[in-house]
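Participant: All chains should be modelled from the sequences, with the hints used to inform the complete structure.
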Amino acid sequence: MNGNNCPHHHPPHSDEPIATDAMKIVLVGNPNVGKSVFFGFLTGIYTDVSNYPGTTIEISSGSWQGHQIIDTPGIYGVSSFNDEEIVARDIILGADIILNVVDATHLERDLFLSRQLIDMGKPVVIALNFCDELSGAKMAVETDLLADLLGVPVIPTTAVNGEGMDQIADSLLLARAGLQDPELHGRLHEMLKVVGSQAEALLVLEGDPHVASRHGIVPGEEREEIYINRRNRVNDIVRHVLTVSSTTESLRDRLGRAVINPVTGVPILGLVLYVIYTAIGVWVAGDIVGITEEVIMQGHYEPWIRGLATRFISPDSIPGLLLIGEFGLLTMTITYLLGLLLPLVIGFYTVLSIMEDTGYLPRLATLVDRMMTTVGLNGRAVIPIILGFGCVQLGTITTRLLATSREKTIATVLLNFAVPCSAQIGVIAGMLAAVGGSLTLLYVAVIFTVLAMVGTVLNRTLPGKSSALLIDLPPMRLPRLENVVRKTATRSFFFMKEAYPWFFLGSFIVAVLQISGGLVLWQQLLAPVTEGWLQIPREAATAFVMGLVRRDFGAAGLTELAMSPMQVVTSLIVITLFVPCIASLMILFKERGSREAMLVWVGSWAVAFLVGGIFSQVLI
Amino acid sequence: MCLSEIKKGQSVHILRIADQEIRTQFVRFGISEGSRITCLEKIPFGPFMLRHNRQEIAIGREVADKIQVEQRMDT
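Taken in order, these protein sequences are the chains called C and W. For what it's worth, my numbering labels the leading residue of the first sequence as 1, then goes sequentially. For what it's worth, my numbering labels the leading residue of the second sequence as 1, then goes sequentially.
These are calculated hints, taken from the structure and not from any lab test. Do not take every clue at face value.
[Unchecked claim] Cβ-to-Cβ under 10 Å is the rule here; a few derived chain C residues that face chain W:
1) Leu107
2) Asp236
3) Thr366
4) Thr373
5) Arg400
6) Leu401
7) Gly436
8) Leu470
Glycine residues also receive a C-beta, built at the ideal position from the N, C-alpha and C atoms.
Facilitator: Have a look at this one:
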């Protein structure tokens with residue numbers, strides 16, 4: 001090792017001989033190649049999931065025969081184009097052995113990463129996954145020849161039924177550094193003297209700014225040349241090892257196209273949305289939450305905790321009100337988190353994981369891309385928007401996957417302005433059912449118009465440029481239950497872990513407002529606006545203020561008021577566009593900073609009352 | 001011609017990609033200057049679904065605008 005003084009996350013390892021003691025075995029592969037099945041097979045159920053330091057990306061690790069196994073985010077190459085790649089890159093740099101999972105039906109794409117790993121000089125074993133799909137696609141891969149050409153062990157596997165998995169376990173410690181590009185080898189040697197490891201030397205040559213700056217040197221400018229050479233080598237290898245005996249389109253290919261073609265794709269989307277609505281809107285939000293929130297939490301937990309707490313504090317004292325009162329931290333907040341939010345979050349993440357694993361999600365992103373570009377987003381923003389219908393916080397946190405800050409701002413604003421969360425949708429749908437179909441359409445039209453107008457205005461006025469769609473469309477596949485469960489559990493856990501403090505803080509603020517009389521004051525302040533401008537009963541102001549606590553409380557407060565159908569629609573428009581619940585506001589502050597968060601918050605008050613008022617003045 | 005002028009079902013060869021980042025991402029997916037690609041679907045005023053061998057990708061119209069292609073008779 002040379003004596004450079006740059007801080008390393010991971011010291012380079014590749015110069016050291018492979019030790020027999022504990023090693024870091026890192027799983028690397030393109031997205032959707034079944035990597036997590038390998039991870040699960042090797043580590044069993046005892047795994048550790050944590051955020052990679054300084055990022056929001058979750059990394060799973062576990063152990064296998066005394067060695068550490070680390071999973072990495074799916075990537076198409078090692079560099080630093082986005083957060084996932086940066087995290088994967090740093091873990092790969094610290095790896096002793098790499099298990100590279102490759103989709104046998106997508107060799108041209110996947111071997112690019114494999115060749116890059118080999119050029120990095122890391123010991124590699126390749127799992128050639130989805131081998132069962134080769135015959136159906138009328139394809140054949142000469143595994144032995146592939147292993148010879150790459151210089152590393154290649155094990156054919158079918159992770160879904162466990163085929164080849166034992167062999168992977170046997171071969172892992174036989175990993176060896178493969179055949180580097182001979183021409184690259186010479187250049188690497190020069191750089192090696194400066195940075196101390198082949199892997200880092202390659203990344204510097206390929207122009208990785210972070211790795212270069214760690215060594216205090218200027219990144220190389222040879223990326224394109226190296227990439228083109230690597231691409232040519234990969235194509236050459238694929239020509240040798242792959243035989244394709246038929247190019248007719250399979251049923252799966254046709255389905256993959258049908259979901260994108262608007263003529264068939266839009267009805268399919270309608271069907272998908274209907275299934276999601278039935279599964280989450282009716283089953284989870286209705287039946288499941290009915291049990292978890294009302295029976296378990298309100299029926300059993302809350303009386304129990306109240307009884308327990310009153311032994312120590314008076315329920316009428318200020319600490320008593322704060323802890324076990326109407327908005328108490330131990331009563332309402334816990335009930336909300338466990339009885340309502342958790343089932344919904346699990347429901348939405350299950351849907352998302354299934355859509356991801358089937359390959360439908362990237363196709364949906366393609367289908368809606370055109371629509372999204374009018375509001376300055378690309379098709380990928382459909383993910384936070386869908387999750388926002390579950391919980392606005394969930395959507396806001398997921399805007400992290402968008403490429404530019406501009407897109408994150410637009411998506412966050414749309415979510416917080418005009419996307420009603422599932423808790424609220426339940427109540428709103430009930431009230432709309434009572435006023436009939438045409439008024440329901442009117443409500444939907446108003447909300448969509450606001451959504452489109454706000455998005456368009458932001459797109460026109462915000463500086464900078466949004467990124468365009470450029471995504472891989474993986475083959476349509478049946479999702480694997482184990483994978484879906486694992487992903488959903490990890491994501492739900494992390495979301496709850498991140499969100500719960502904000503719920504406590506939000507509830508605390510509201511409880512303080514209530515105890516100090518602040519809530520009543522607000523209701524009185526709002527009353528003239530409600531009666532005069534919106535032309536709905538004075539008491540609706542109470543509902544709006546309740547919406548600060550929980551958006552569905554706000555909507556539920558309206559059901560008890562005697563209103564004409566038009567008044568119902570007016571109040572629903574206002575409550576939908578009204579500010580997000582206080583817990584969402586906290587997340588908004590955290591994700592987008594105080595200035596932007598305050599603008600969104602004040603803006604949604606203004607838009608809600610403005611749109612509701614205009615609607616009321618024109619139509620009532 | 002420009003890739004955004006391609007018709008559904010048409011196959012073309014890529015001549016030039018006028019954006020380094022797009023070039024890099026395309027190379028990773030297996031597509032580079034000289035590759036033959038087929039347009040599988042085209043959403044009116046929207047993105048394109050393309051195929052190169054067995055690799056399928058979707059690109060927005062803005063990306064397609066930056067790619068020059070030509071139709072060759074040989075294939």
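Participant: With reference to the structure, classify each hint as holding or not holding.
Facilitator: Comparing the hints with the structure gives:
no., hint, in the structure
1, Leu107, "holds, 9 Å"
2, Asp236, "violated, 12 Å"
3, Thr366, "holds, 4 Å"
4, Thr373, "holds, 7 Å"
5, Arg400, "violated, 20 Å"
6, Leu401, "violated, 16 Å"
7, Gly436, "violated, 34 Å"
8, Leu470, "holds, 5 Å"
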